[in-house]
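Visitor: In order, the protein sequences belong to chains A and B.
Residue 212 in our numbering sits at position 79 of the first sequence, and the numbers go up by one each step.
Residue 73 in our numbering sits at position 72 of the second sequence, and the numbers go up by one each step.
It is worth saying that the hints were derived from the structure and are not from the lab.
Certain hints may be false.
Sample of chain A residues facing chain B (criterion: CB under 10 Å; computed from the structure) [to be verified]:
1) L177
2) P219
3) R244
4) T246
Ideal Cβ placement from N, Cα and C applies to all residues, glycine included.
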Amino acid sequence: GAVVSQHPSRVICKSGTSVKIECRSLDFQATTMFWYRQFPKQSLMLMATSNEGSKATYEQGVEKDKFLINHASLTLSTLTVTSAHPEDSSFYICSALNRGLEGYTFGSGTRLTVV
Amino acid sequence: KQEVTQIPAALSVPEGENLVLNCSFTDSAIYNLQWFRQDPGKGLTSLLLIQSSQREQTSGRLNASLDKSSGRSTLYIAASQPGDSATYLCAALGAGSYQLTFGKGTKLSVIP
């Protein structure tokens, strides 16, 4: 079946530094990928939609200069949290639309802790 | 704006019981509805996807139904096992959209 690989699974960084999270579709091409953020006991909140070869579309309230998204190929999208602060600590999950199955495949998530 | 609600928020059952998880959505103009499983600290695993033209989908002990007109979907789990303990999320994909709208999930605990 379709697989999306997300790395790293867990990262701890110092306040003020930047962290990059990678999301790869392993056995299908994903022209569209999505980045979500999940707070404890809450559901997933869409942060942005990443389109291959074009600028990402951000949801209202999400700072595009803070959460940089790059979708340079049909199998890779990256999310960079710039100048991270403790309030950015959260669980980030990516997903890719598998047009063949018309379903979404999710990565395993990244637990970011900013200290 | 689509809103997805899942009831109950948490459910605890003894092993072997059959159970039903509920999902409702406010906008019936959906392309499909997908059920996911999420284990603590992990990503989402797709369980079942029901296209808007379908009424139900089955996979092993799982059966998901969809009633677009009433804005409801159910996930039926037969003969529950402790390994089924997880949070179950439903998500609706709007027609003409690539965005999934998620419910808050139902946390299921199956007691041995």
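Visitor: State for each hint whether it applies.
Guide: Structure-based check of each hint:
no., hint, result
1, L177, "holds (5 Å)"
2, P219, "violated (19 Å)"
3, R244, "holds (6 Å)"
4, T246, "violated (12 Å)"
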